[in-house]
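Same order as they appear, the protein sequences are chains E and P.
Per my numbering, residue 6 is the first one in the first sequence, and the count goes up by one each step.
Per my numbering, residue 27 is the first one in the second sequence, and the count goes up by one each step.
It should be emphasised that the hints constitute simulated quantities derived from the structure, not laboratory data.
Treat the hints with caution; some may be incorrect.
Claimed, not checked - Okay, derived cross-link-like pairs now, EDC-like style, lysine to aspartate or glutamate, Cα gap no bigger than 20 Å in a straight line: (1) E:K63 / E:E177; (2) P:K275 / P:D321; (3) E:K194 / P:E75; (4) E:K397 / P:D341; (5) E:K397 / P:D372; (6) E:K397 / P:E393; (7) E:K194 / P:D372; (8) E:K317 / P:D74; (9) P:K275 / P:D239.
Stated by the list, open to error - So, partial list: chain E residues that the calculated Cβ filter (under 8 Å) puts toward chain P: (10) A407; (11) D418; (12) E420.
We put the CB at the ideal spot given by N, CA and C, even for glycine.
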Amino acid sequence: MSQTEIPLPASEARENQERLAQDLAEYKFGWSDPEAGYAFTSGQGVSEDVVRGISARKGEPEWMLDLRLRAFRAFLRRPMPNWGGELGGIDFDNIHYYVEASEKQAGSWEELPPEILQTYEKLGIPQAERERLVAGVAAQYESTVLYHQVREDLEEQGVVFLDTDSGLREHEELFRKHFATVIPANDNKFAALNTAVWSGGSFIWIPEGVKVDIPLQAYFRINKQNMGQFERTLIIAEPGSYVHYVEGCTAPIYSSDSLHSAVVEIIVKEGARVRYTTIQNWSNNVYNLVTKRAVAERNATMEWIDGNIGSKLTMKYPAVWLTGEGAKGEVLSVAYANDGQHQDAGAKMVHAAPYTTSNILSKSISKGSGRTSYRGLVRIQEGAHHARSAVKCDALMLDEEARTDTYPYMEIDQEDATIEHEATVSRVSEDQLFYMQQRGIDEDEATAMIVRGFIEPISRELPMEYSVELNRLISIEMEGAIG
Amino acid sequence: MTTILSDLDEGGLVARGEAGGEPSWLLDRRRAAARRFVGQAWPDSHVDEFWRSTPFDVRFDVGRAIAEATAAAEAPASVLDRVEGGGVLVRVVDGALVDVTAHPDATAAGVVAMDLGRAAVEHADLVEAHLGRLTTSGDGTGSDEDRTVSLSDAAWTGGVFIHVPDEAAVDVPLSVHVHVATPGAHLPRILAVIGRHARATLYLEHTSAPGVDALVDEVAEIVVLDGATLRLASVQDWGDGVQHLGLQKAEVHRDATVRSLAFTAGGATVRLRPEFDLVGPGAEVRPLGIYLASDGQWFDLQPFVRHIAPRASSDVLFKGALQGRSRTVFRGNVFVGRDAVGTATDENNRSLILTEGARADATPFLEIECNDITAGHGSATGQIDARHLYYLRSRGIDRDTALRLIVRGYFTDVLEEAGLPGVTEHALDVIERRIADADLSAIQVNDLGLREES
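Please work from the sequences and hints to get the whole structure.
Right under this line is the structure:
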C-alpha cells in the first residue's frame, strides 16, 4: 500500500466532498435522497410516541421500551449543560431522530455505492479486508447499519460482532446483563437522549482468552440534513481477551446543524485488554456530544485513542473506571480545531481500586479562530491505595485568534496516590520556521511538519492506515485555511 | 441593631452609612451594591463553576447577624512583633478600626494608614477613584461577582485605607490586622494604593479569639501603579470556628511587580481568592501560597491571574500539606486575553497528603486567547517519599525528627522566596507546632520509589 500520497489540495477536497454529497443524493439504494428514498423515518422532533415508534419498528422486548421511556423522561428532566461549549444552536424539535436508510444490509462490498467504497478506499479498509487485515467491518448510515462482515475464523471462535440492534435480537440475555450498566440511562442529558432513541452501533463480545489480533472496524456517516445519529456501542471483553475496535465518522456539509450523540460502553474483564480508536471527521455543522466509558476490572487494560478533527462542537471525555486491582487506563487524544470549531475534549479516570494506573496524553491544535479545550478528571477514591496517574496536555496555537483552554480536575481522596499533571501551550516559533526554511522547506510545509511532529506520539499508536489518514486530514485542514 | 445577613435590604444598609456620615458618592455605591445584593442568590455549588468544590450552604452560615463593634478586645500578637523596628500596624477588631501604630520611616515617606470611612472624606479623590472599582465590572453592574462580594460592597464596616505615595520607598512592613472577638458576621474592607515607582510591603493578618464562631467576608482591593514594587502577604491564623470568604484583588500596572504569599493554616473554612489583573505592559506577579490543613479544616484556594496587557509575566506556585480528615481545593486560573502578546505564565500546585482521610483537589486552569505566549502548568499530589525518609534515617536521624524536617523543608523554599520579615518566622513556627501536635505515627510514606530502586 502506498504511503506517500500527496494530500489533496483544499479546493479538490471540497469538490470531492460536494461531489460526494451530490452523488449520494442520486443514489439508487435509497438512502440519501432526503425524504423519498428512506425506508422509514420518525419525522422531526422527539416525543414518547417517537420513542415508542422506534422501539416498535425494531420489534424490541418490553424491557428495552421501558428503559427507553425512562431515559426519555430523564432527558426531559435534565438541564442543558452550562459548561463546555456553546450548545444554543441545537434545536431538538428540528432533528430527525430515526431514519432507516435501507431495508436490508448489503451482503458484500460490491453492493455498496461507489462513493462509500471510495471513502473506504481512502481509509484503506476494503483493501485491508480483501487482504484480511481487518477482522470485521460495519458501516452505519443514518440510524441503521448497512454493511456488516466478520471474518469466519473469528466467528468460529465465538467472537460476536454485530450491529447493536441485531445484538439485542440475537443475544438478548447477554445484552440485557450489560446494557446501560456502565452508563446509566440518566447519566447525563445526552446519554439519556441516546438511551431513549438509540439505533445502530456495534455489539461486540469477545470470549474468554480470545485475542483478535487485527482490528474490528466501523464507519459512521450522517447523510441527511438535520439528522441526529444516536448509535450505541457495547463491547464486552471476557477475561484474558483482546480486541482493537476502530471507528471513523464523516458527514457531508449541509447548511443546518446535525447532532451526533453516541454512547459507548465497554466492559473489560479480568486481564483483558480493549483498545478503542476513533477518528472523528464530522463536517463543521455537527454537534458531536458523545459519552464513552469503560469499566476495567482486575488487571484489565483499557485504551482510548481519540482523534477529533471535524464537527462544529465536540464534547467528549472518554472515561475509564478502574474498578479492579491493578487495572490500567490510558487515553491518547488529538484535537484539531479550525475556524469556527470548538473541540472540548479530554478524558476521565476514576481510580476505584488499589494499584490502578492511568495515563492521559492530550495534544490540541487550534488554527484560525478555532478553539480547543482540554477538560479532564482524575479521581482517586478512598481505598484506591497506590494509585498512580499522569496527565500531560500540550496545546499548539497556529494563529493569532486561535484559542486554547486547559481545565484539568484532580480529586484525590487517598493519601498515597501519586498524581502528576503537566501542560504546555506553544506556537510554531519563528526559530523553527527559519530553521526549516533555511533548508529549503516552504513555510506551509514547515508548519505542517511541526504539526505532524507535535501529534506524532499519538499518531504512531494508530493502525498504519489510520495514522496516514489522520496526517492527511490534518494536512487538508491546514491547507484549507492557508489557501 | 442586629441585621441577619440574609435579611439585609437596601434601606438598612444605607442607614448604616448615613449614621457614619459618609459622603453621598459612597452612599450611592453602597445603595447600588445593595440592589445587586437583593437581586442575587447565594452561590449554589451545583450551578456555579467556581463554587463546584466547596458547598456554600454547608461550609458558610449566612444566618448570622453583623457583629457590632464592642469595647475593643485585646488583640493577639502581630507578626510585626517579630520584626526588628516594627512597622505600621492598623488593628481592626470586630468591625472597627481601633488603633494605628505609626512608624517614623513610613510617616516620613508620607504613608497614609487610616479608617476607610474617614479617608473617603479626607482622601476623597483616591478613594472615590478606586474603591469598588475592582469588584464591579466596567458597566457598574457588578455582574462578574457573586453575592458574597456585593455584600462587602454594600455593607462593609471596619475599613482600612493605605496609601503609599509615588516614589516612596518604604522598607518597614505595613500591616492590617483583622481580629475577630465577637461571634457573628464581619465585613472588613481594605483599599491600598501603591503609587508610581513606590516600594512597599503590605501584610493582611487574620486572627480570632478562641472559641468564637464567625463569618468573615473580607475584600481587599490593591492598586499597584506603574513601576511600583509590592510584597504582599495574607496570613490566615483563624481559630476553629471561623469561616472566611476572602477576595484579595490586585490591579498591576505597567512594569509593576507584585510578589505575594497566602499562608493559610487556621479557620474552619477558608475560601481565598488572590487575584491579579495585569493591566499594564511588563507587569510581573509571583503569587505564592502555602497551606497546612488539619482535621476538620476546608481550604479552597483560588488564585486567578488575568493577562490583559502585553508582555506581562506570572508564575503561580501553591504548596499544601494535609492531615486528618481535611480537604483542600486548589482552583487556579490563568486567563490570557487577546491583546496579551508576549505573555509568559506558569502555574503550579503541589499537595502533600500526610495521613489517611485527607482529600486534595487540584484544578489548574488555563484559558488562552492569544498565541504569542509561553504558558504551562502542573500539579502533583503525593505523599512523603520513603526515599527521603530512608536517606535521613540512614544518617542516624530518628523517624519523627526526619518527618518534621521533610515537611518543614517542603515549605521552606516558598517561604524563603517570599522573604517576608516576620511572616516567614511566624509561618515556620505554626508549621512546627502543627507537626509537633500531629500524630507522626499516622504519617504514611510512599514506598513505590524505594521498591522500584531496590
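Consistency of the hints with the structure:
1. The suggested pairing of K63 (chain E) with E177 (chain E) holds, with an alpha-carbon distance near 14 Å, which does not exceed 20 Å.
2. Under the criterion of a C-alpha separation no larger than 20 Å, the hint pairing K275 (chain P) with D321 (chain P) is inconsistent with the structure, at around 29 Å.
3. Using a Cα cut-off of 20 Å, the hinted pair K194 (chain E) and E75 (chain P) holds, with the two alpha carbons roughly 18 Å apart.
4. Annotation: proposed proximity of K397 (chain E) to D341 (chain P) holds, straight-line Cα distance about 19 Å (limit 20 Å).
5. This hinted pair checks out: K397 (chain E) and D372 (chain P) have alpha carbons roughly 15 Å apart, not beyond 20 Å.
6. For the proposed pair K397 (chain E) and E393 (chain P), the alpha carbon gap of about 16 Å is at most 20 Å, so the pair holds.
7. Restraint check: the Cα-Cα separation between K194 (chain E) and D372 (chain P) comes to about 36 Å, which exceeds 20 Å; the hinted pair is violated.
8. Between K317 (chain E) and D74 (chain P) the CA atoms are separated by roughly 26 Å; this puts the pair beyond 20 Å, and the hint is violated.
9. A C-alpha spacing of about 26 Å is found between K275 (chain P) and D239 (chain P), which places the hinted pair above 20 Å, so the restraint is violated.
10. Given the 8 Å rule on beta carbons, the hint for A407 (chain E) holds: about 5 Å separates it from the nearest Cβ of chain P.
11. Restraint check, D418 (chain E) versus chain P: the minimum CB separation of about 5 Å is within 8 Å; hint holds.
12. Checking E420 (chain E) against chain P: minimum C-beta separation of about 4 Å stays under 8 Å; hint holds.
The structure shown violates the earlier hints numbered 2, 7, 8 and 9.
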